[in-house]
Every structure is written in C-alpha cells, then in structure tokens.
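Undergrad: Residue numbers (my numbering), protein chains in the order written: chain A, 71 to 526; chain C, 71 to 526.
Just so you know, the hints here were simulated from the structure itself, not pulled from any lab data.
There could be a bad hint or two in this list.
Which copy is meant is left open, because identical chains are indistinguishable; a pair holds if it fits in one copy or across any two.
Said to hold, decoys possible - Keeping only pairs whose Cα atoms sit at most 30 Å apart, straight-line, the calculated BS3-like set for lysine-lysine is:
#, residue 1, residue 2
1, LYS393, LYS245
2, LYS181, LYS283
3, LYS181, LYS393
4, LYS283, LYS513
5, LYS283, LYS130
6, LYS480, LYS181
7, LYS181, LYS245
2 protein chains.
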Amino acid sequence: MSLDATLLRIDSDLPAALDRLMELLRLQSISTDPAFAAQCDAAADWLVADLQSLGIAAEKRTTPGHPMVVGHVEGDGPHVLFYGHYDVQPVDPLHLWDRDPFDPAIEETDKGRVIRGRGASDDKGQLMTFVEACRAWKAEHGEMPCRITFFFEGEEESGSPSLVPFLEENAEELKADLALICDTGLFQSTTPSIITRLRGMLQEEIVLTGPDKDLHSGMYGGAAINPIRVLARIVGGLHGPDGRVQVPHFYDGVPELSEDIAEQWQALGFDHRGFLGDVGLSIPAGEEGYSPLEMIWSRPTAEVNGITGGYTGDGFKTVLPSKASAKVSFRLVGDQDPHALREHFRDWVRAQLPGDVTAEFSGIGASPASEMATDHPAFEAARRALSEEWGVEAAFGGCGGSIPVAGYFKSILGMDTMLVGWAKDDDQIHSPNEKYDVESFHKGIRSWARVLDAIR
Amino acid sequence: MSLDATLLRIDSDLPAALDRLMELLRLQSISTDPAFAAQCDAAADWLVADLQSLGIAAEKRTTPGHPMVVGHVEGDGPHVLFYGHYDVQPVDPLHLWDRDPFDPAIEETDKGRVIRGRGASDDKGQLMTFVEACRAWKAEHGEMPCRITFFFEGEEESGSPSLVPFLEENAEELKADLALICDTGLFQSTTPSIITRLRGMLQEEIVLTGPDKDLHSGMYGGAAINPIRVLARIVGGLHGPDGRVQVPHFYDGVPELSEDIAEQWQALGFDHRGFLGDVGLSIPAGEEGYSPLEMIWSRPTAEVNGITGGYTGDGFKTVLPSKASAKVSFRLVGDQDPHALREHFRDWVRAQLPGDVTAEFSGIGASPASEMATDHPAFEAARRALSEEWGVEAAFGGCGGSIPVAGYFKSILGMDTMLVGWAKDDDQIHSPNEKYDVESFHKGIRSWARVLDAIR
Chain A
71 MSLDATLLRI DSDLPAALDR LMELLRLQSI STDPAFAAQC DAAADWLVAD
121 LQSLGIAAEK RTTPGHPMVV GHVEGDGPHV LFYGHYDVQP VDPLHLWDRD
171 PFDPAIEETD KGRVIRGRGA SDDKGQLMTF VEACRAWKAE HGEMPCRITF
221 FFEGEEESGS PSLVPFLEEN AEELKADLAL ICDTGLFQST TPSIITRLRG
271 MLQEEIVLTG PDKDLHSGMY GGAAINPIRV LARIVGGLHG PDGRVQVPHF
321 YDGVPELSED IAEQWQALGF DHRGFLGDVG LSIPAGEEGY SPLEMIWSRP
371 TAEVNGITGG YTGDGFKTVL PSKASAKVSF RLVGDQDPHA LREHFRDWVR
421 AQLPGDVTAE FSGIGASPAS EMATDHPAFE AARRALSEEW GVEAAFGGCG
471 GSIPVAGYFK SILGMDTMLV GWAKDDDQIH SPNEKYDVES FHKGIRSWAR
521 VLDAIR
Chain C
71 MSLDATLLRI DSDLPAALDR LMELLRLQSI STDPAFAAQC DAAADWLVAD
121 LQSLGIAAEK RTTPGHPMVV GHVEGDGPHV LFYGHYDVQP VDPLHLWDRD
171 PFDPAIEETD KGRVIRGRGA SDDKGQLMTF VEACRAWKAE HGEMPCRITF
221 FFEGEEESGS PSLVPFLEEN AEELKADLAL ICDTGLFQST TPSIITRLRG
271 MLQEEIVLTG PDKDLHSGMY GGAAINPIRV LARIVGGLHG PDGRVQVPHF
321 YDGVPELSED IAEQWQALGF DHRGFLGDVG LSIPAGEEGY SPLEMIWSRP
371 TAEVNGITGG YTGDGFKTVL PSKASAKVSF RLVGDQDPHA LREHFRDWVR
421 AQLPGDVTAE FSGIGASPAS EMATDHPAFE AARRALSEEW GVEAAFGGCG
471 GSIPVAGYFK SILGMDTMLV GWAKDDDQIH SPNEKYDVES FHKGIRSWAR
521 VLDAIR
C-alpha cells in the first residue's frame with residue numbers, strides 16, 4: 071500500500087514541513103505595495119530552490135510585475151498543473167495584530183494548534199500542502215505520482231496584472247489535462263469541499279474633485295461643494311432598501327439557481343446563524359428573498375472596500391477638502407460581463423455628479439465568474455479521496471470569492487480546474503492575526519497525497 | 071492734531087515694528103502639538119516683556135494647557151479689552167512651503183510686499199497691529215488713549231480648552247466695557263469690515279461598527295453588512311436635493327435675514343463669481359434661493375470634514391471593514407442651540423442604523439452663533455474711523471467662521487465684542503506659505519490708532 075506509506079511519511083515529516091512553511095512566511099511578500107518588491111522576489115527564489123530540491127526543473131520567470139515561478143517534473147499518467155500564489159495581503163492595521171505578522175509561530179489555542187502569521191492560510195500555507203505531498207511521494211516512491219507543472223504567481227492579491235499576458239505567452243508550456251488550485255476552504259470548517267463555482271470580480275477606484283484646493287469650512291462652508299458629500303450620496307445609493315444593487319443593467323446575465331443545485335445546497339445544512347454570529351452579526355445584509363449561502367455563492371454584490379476624504383487624524387480640522395475617493399468592488403456571477411458593467415457603473419456615477427464635481431476612475435481588476443466542469447472524472451475521484459481523509463462526505467460547493475485564474479485556465483489554456491483547500495472560516499485571511507490550523511496543514515498534505523493517488 | 075502725530079510716528083516706526091513681529095514669528099508656538107509647548111511658553115514670555123516695555127502691568131498666567139497673557143494699563147475714558155492669540159496652526163505639509171515657516175521674511179511680490187511665515191496673518195501679525203498702535207500712542211502722548219486690558223490666548227488653534235474656565239475664574243478682572251478682537255479680514259481684501267455676526271459650530275465624530283472584525287468580501291460579501299455602506303447612506307443624506315440639511319429640527323432658531331441687512335449686503339457688491347472661481351468652482355452649493363454671501367454669513371451648514379473606512383492605501387484590498395467613521399461639523403446661525411442639535415443629529419443617525427450596526431459619537435466642540443450689538447456707539451464711530459484710513463466706506467459684514475471667544479465674552483463677561491481685522495482672502499492662513507501684506511500690517515496699526523481715538 072504505497073499510499074499508506076506516503077501518509078505515514080507525511081505524519082513523521084510534519085515538524086520539518088512546518089519549519090519550511092515558517093521560512094516562507096517570514097518573507098514579506100506584500101504584492102500591492104512597491105516597497106516590498108524585493109521581498110516578493112525573495113519568496114519566488116525560495117520556492118524555486120525548494121522545488122529544485124525535489125528534483126523539479128523550476129525557475130523564476132520575470133514579468134513587468136512580480137515574478138512567476140514555473141517548474142516541471144515528468145511522470146506517468148495525467149498531466150496536472152498546480153497553481154498557488156506566494157504573495158500576501160497588506161498587514162495594516164498593524165496595531166490589531168497580537169504579534170509581528172512576519173514573525174510566524176505555532177500557537178496553542180482553545181481550538182488546537184495554529185500557525186499564526188500573514189499568509190499562513192492565504193496562500194502560502196495552502197500551496198505548501200501540495201508541495202509537501204509531492205515531497206513525501208517523491209521520498210517514498212523516488213518519482214512523482216504523475217506529470218506535474220508547478221505554477222506560482224506573486225500578484226494574486228494585487229489584481230494579477232501580469233497573469234493573462236504570461237498565460238498567453240506561455241500557453242503551450244503551461245497547458246495540462248487538469249489544473250489544481252489550493253486557495254479555498256473547508257465547508258463550514260469541517261467538510262472538504264470541491265468548489266464548483268467562483269464569483270467574478272470588478273474593482274473600481276473613484277476619485278471625486280470639487281474645489282481645486284482644500285478650503286476652510288468657515289470661509290467657504292455652505293457655498294462651496296464638498297466632494298465627500300457627493301461621494302457619500304453616490305456610494306450610499308449603491309443598494310436599494312431591498313438590498314439590490316442600483317446600477318442599471320447590473321443584473322444582466324445573473325441566472326436564478328436551478329432547483330437541482332438549490333436542493334444540493336439545502337442538503338448541506340449550512341449554519342446561517344453561526345456563519346453571521348461568528349462575526350458579531352445576525353441579519354443577512356443581501357437581497358431580500360435569498361438565503362445567506364445564496365447571497366455568497368450565487369448572488370452578485372457591490373461593496374465599498376475603502377473610502378477616504380478630508381481630515382481623518384485625531385481631533386478635528388474644519389477642512390472642506392478638494393478630493394474624496396472610494397474603492398468599490400463587485401462580485402459577479404453567471405454571465406455578468408465585467409467590462410460592460412464597468413461602463414454601466416461609470417455612467418451611473420457620472421450621471422449623479424453635480425456641475426462642479428469631476429470624477430476620475432481607475433479600473434483595477436475585472437474577471438468573470440466561472441463554473442467548473444464537474445463531469446470531469448477527476449472530480450468524483452477526488453471527492454471520494456477527500457471523504458476518506460476527513461471521515462465525512464466531501465461536498466460540491468460554491469465560493470463567494472473570486473479566483474480569476476480558474477477562468478483564465480479555461481479561456482486561455484482550455485483546461486478545467488479543480489479547487490480544493492483546507493482553510494477554515496476563522497482563518498482571518500486578509501485581516502489581522504491570520505492563522506492556519508496545523509490540522510488544516512497536516513490533513514491538507516495528506517489529502518493531496520490521496521487526491522494525486524486517486525486521479526493519477 | 072494728536073492723531074496725525076501718532077499716525078506719522080506709526081509710519082516712521084514701521085521698520086522697527088516689522089522687526090518686532092519677526093521676533094514673535096520665529097517662535098514655533100504650535101499649540102496642538104505637545105512637542106512645541108516650550109515654544110508656546112516662549113511666545114507668551116515675549117509678549118509679556120513687550121507689553122511691560124510699554125509700561126503695562128503684564129504677566130503670564132498658567133492654565134492646564136498653554137499660558138494666557140494678561141496685561142492692564144490705566145487710562146481715561148472707556149475700558150476696552152483687546153484679545154488675540156499667539157498660537158499658530160501646524161505647518162504640515164512642510165514640503166509645500168517655499169521657505170522655513172518659522173524663518174519669516176519680507177518678500178516682494180506682484181501684489182506688493184508681504185510678511186511670509188506661519189502666524190504672519192493668523193494671529194501674530196494681526197494682534198501686533200493693536201500693540202504697535204498702543205506703542206505709538208504712548209510714545210506720542212505719554213499715556214494710553216483709554217484704560218486697556220490685554221488678553222492673549224495660546225490655545226485658539228487647538229480648541230481653546232482652558233478659555234472658558236479662565237474667563238470664569240477671572241471674570242471680574244477681565245470684564246471691560248467692550249472687547250476688541252483682531253482675527254478677521256478685509257471684505258473682499260479691500261474694504262475694512264466690522265464683523266457683526268459669527269457662525270457657531272457643532273462638531274461630531276461618528277464611528278459605525280458592523281461586523282466585529284474586518285472580513286474578506288469574497289467570504290462574506292453580500293451576507294454581512296458593510297458599515298461604509300451605512301455611513302455613506304447616512305452622511306450622503308445630510309443634504310436634500312435643494313441643499314437643505316435633513317436633520318429634523320435643524321432649522322429651529324434660524325432667522326430669515328431682515329430686509330434691512332439683506333439690502334446692506336446687496337450694496338456690498340460681493341463678487342460671487344470671483345469668490346467661487348478662485349477655488350475652481352462656479353455653482354453655489356448651498357440652499358436654493360440664497361446667494362453665496364448669505365450661504366456663508368447667514369445660513370447654517372452641515373459639512374463632512376473627514377470620512378474614512380476600509381482600505382485607503384495604494385492598490386486594492388477586498389476588505390469588508392468592521393468600522394467606518396466620519397467627522398461632521400455644523401456651522402450655526404441665529405438661535406440654533408448646539409446642544410439640542412447634537413441630540414437631534416444623534417437621534418437622526420441612530421434612526422437610520424440597520425439592526426446589526428452600532429454608532430458611537432464623540433462630541434468635540436459646541437458653540438452658538440453670535441450677533442454683535444451694532445447699536446453700541448463704538449461700532450459707528452469705528453466704522454467712520456476705518457473708512458477714513460482705507461479711503462472706502464467700511465462695511466458691517468458677517469463672517470462664516472466661528473470665533474467662540476466673542477460668544478464667551480458676552481455670556482461669561484456680559485461684554486460686547488467688536489471684531490475688525492486686516493487679513494486678506496489670499497493670506498493662506500492654516501495653509502502652507504501663509505503671509506500678511508505689509509500694507510495690512512501698516513494700515514492695520516494706523517486703523518487701530520484711529521479706532522482708539524474715535525471710541526475713547
């Protein structure tokens with residue numbers, strides 16, 4: 071039983087695997103902030119060296135942004151491409167962290183041992199579960215379970231500007247039979263889940279300008295337009311009282327859920343109350359008539375991720391500012407077209423501007439929603455393998471997040487993607503005190519060994 | 071003609087008067103920043119010594135914050151109190167200054183000679199016009215024109231926390247027949263103006279909390295309430311489409327302008343177009359049916375001076391934040407009660423909160439509007455004196471700003487206040503490259519000599 075031997079090796083190698091992850095977590099690979107470019111580069115170098123130590127032909131590939139890491143290893147059976155990202159989210163507000171986000175540690179908690187640090191879950195911890203599974207397999211078998219291409223990106227948290235050109239330029243090299251991605255979570259933190267649908271994403275930054283300089287609100291207040299007032303009115307009007315997004319044509323291409331899938335989701339027994347209760351809430355904030363699970367998995371959203379204008383420090387300054395800005399993102403489903411929607415949104419904003427206020431828009435990311443080809447035989451094989459590892463029937467589920475690369479793998483490389491992951495709802499990804507359960511890491515490595523065994 | 075002799079002496083002493091002002095401007099008396107406390111103290115010491123050199127019994131008086139300077143000098147005729155403040159605004163952003171803000175200089179410009187430096191106009195330059203007028207008078211006559219109390223504050227730019235207790239504790243000592251304040255400007259930069267009304271001020275900071283931590287908008291977007299959305303809807307609804315403030319009872323106590331005053335203001339020939347055009351605007355943003363001058367002088371306002379929530383750095387972060395906050399201020403007129411209004415505003419905000427969102431309020435400043443007793447004979451006497459100095463009919467005007475000390479002089483000391491000043495619209499007070507025209511300083515000193523002569 072070669073799988074059993076591999077699983078035993080994974081168990082005994084866990085401390086060393088954790089040490090390797092800690093090395094990677096110490097690299098401050100925040101992709102959105104140019105100040106951390108050298109650290110992104112160092113994370114890519116670290117991964118290249120680690121893959122090479124497994125006998126994989128790996129190299130760092132430059133892009134106009136942060137580098138990609140690509141590695142190839144031969145093997146029998148199907149050719150899979152594994153994708154992960156080594157970049158992480160910014161760490162502010164830093165004062166809310168209980169430790170230096172880049173000085174990771176294993177902590178004992180009420181709920182078991184956790185790896186604490188930025189990227190522990192998203193996505194360094196997750197991507198290393200696959201690498202560690204390959205390491206154990208290689209050590210046990212002297213070769214890999216199948217032909218594998220490793221593909222790590224360093225710009226996932228900053229809109230992946232280099233991804234599409236890179237895929238297009240290297241399509242032949244990267245094309246495989248199936249893509250695997252480890253950047254999602256366990257359903258309700260307990261049940262392994264194969265993601266069958268991802269929401270798309272549209273990001274826009276708006277900067278409104280009123281007066282051509284900051285003014286004193288005593289001298290000008292009342293007569294001069296305040297761009298914060300205009301911006302607040304616009305973004306405050308994104309949602310109607312029924313929770314529906316008010317941008318015209320927003321719901322074009324949004325399908326209603328099929329009865330079949332609605333029933334499947336019903337059967338999952340999602341704990342709506344606990345889901346909101348865990349973050350101090352009790353009232354679903356989305357469209358009337360939909361369950362929270364539908365709000366996250368099958369309904370589109372509009373969200374203001376950031377707003378700023380005027381004086382925001384301590385105390386008070388009676389400034390009437392020249393500018394105010396907001397970062398707005400939309401999660402998309404079905405056939406919503408992000409490019410058309412961008413124009414509809416800009417038109418909608420412009421139509422609400424008073425005469426003296428101008429708007430500048432910066433379009434940042436735009437990716438459509440994707441739905442997975444669950445009839446690919448690997449999906450059912452993986453589902454059985456995951457059910458065995460976790461001792462509970464694995465689920466086909468949705469994901470409220472956006473992993474645009476899965477859509478690009480399909481549209482550019484013609485390749486289906488299977489997304490599984492071991493993150494838990496309380497991992498605090500993108501937030502202070504991000505963690506990854508040691509159990510997620512350990513069982514995640516074992517899960518990948520089982521999945522590779524099942525699909526090879 | 072003793073006034074003429076005094077005016078001649080002012081002219082010949084101008085270079086020395088400028089040198090004295092430069093000494094005071096070199097002291098970095100930024101009151102809001104504790105790092106500059108010793109410099110505030112030094113500015114108070116400088117003023118005490120300067121007053122003493124005129125034979126005035128002056129001393130520095132401690133407070134829990136920066137010291138007050140109080141000086142008394144006997145004389146015939148009415149007893150006036152002159153108020154000014156020796157503290158200045160912070161100087162950031164420093165890189166926008168063309169010279170060290172505390173290394174003042176006389177500069178030649180297209181529009182004549184200016185004194186450049188922090189505090190040149192607000193309020194060191196202005197307060198010294200009164201002191202220099204007294205110096206010239208004393209030199210010429212051997213005594214002061216009337217009994218004068220000098221009262222200089224060092225916390226005007228940081229909310230005057232010690233002012234009210236100091237006035238209450240020293241009411242008997244400070245009470246005079248009339249207060250004089252030099253902290254306002256020339257009407258349209260050319261016409262001397264006696265301020266007959268000041269707007270009051272109410273400041274509130276609101277912090278809204280939704281989820282108990284920052285969330286990932288992919289994981290929770292749609293189901294979890296975003297406090298930015300709620301805050302934007304609320305502050306975006308502060309004004310109706312007609313520009314009127316929507317808080318219930320907001321207009322309680324707001325008087326319509328009397329026909330008499332409306333006609334006076336009409337006659338001032340205010341350049342509405344130039345006023346807005348100077349800051350890149352063309353459309354008055356206040357209530358429909360009022361002129362820009364009325365919007366500033368006689369109408370109340372609601373203004374968002376700052377708003378912040380979520381990720382506001384470069385790039386994008388798809389966070390669904392736990393908190394969002396805004397700093398809101400109201401300029402008040404007539405009999406609007408700031409304390410009642412604070413409660414109306416808080417009630418109005420609370421009534422709009424969805425179930426899962428809570429609000430915390432911090433009330434910062436609250437002062438009612440004030441209207442001056444223009445039937446006091448000194449007002450008409452001063453108006454004639456100013457008209458003579460400037461060669462143009464002096465105006466009775468309003469001021470959109472808030473100078474709460476005038477209200478306290480009335481409510482605590484039972485004393486009316488006359489506000490005149492020589493600042494120009496382009497003095498850039500509170501901003502980089504603050505300046506004061508040498509003409510303002512010179513004619514300001516002469517103006518005070520004329521006013522003192524007229525009202526004694």
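Undergrad: For a quick check of understanding: which of the numbered hints are violated here, in increasing order?
TA: 1, 5, 6 and 7
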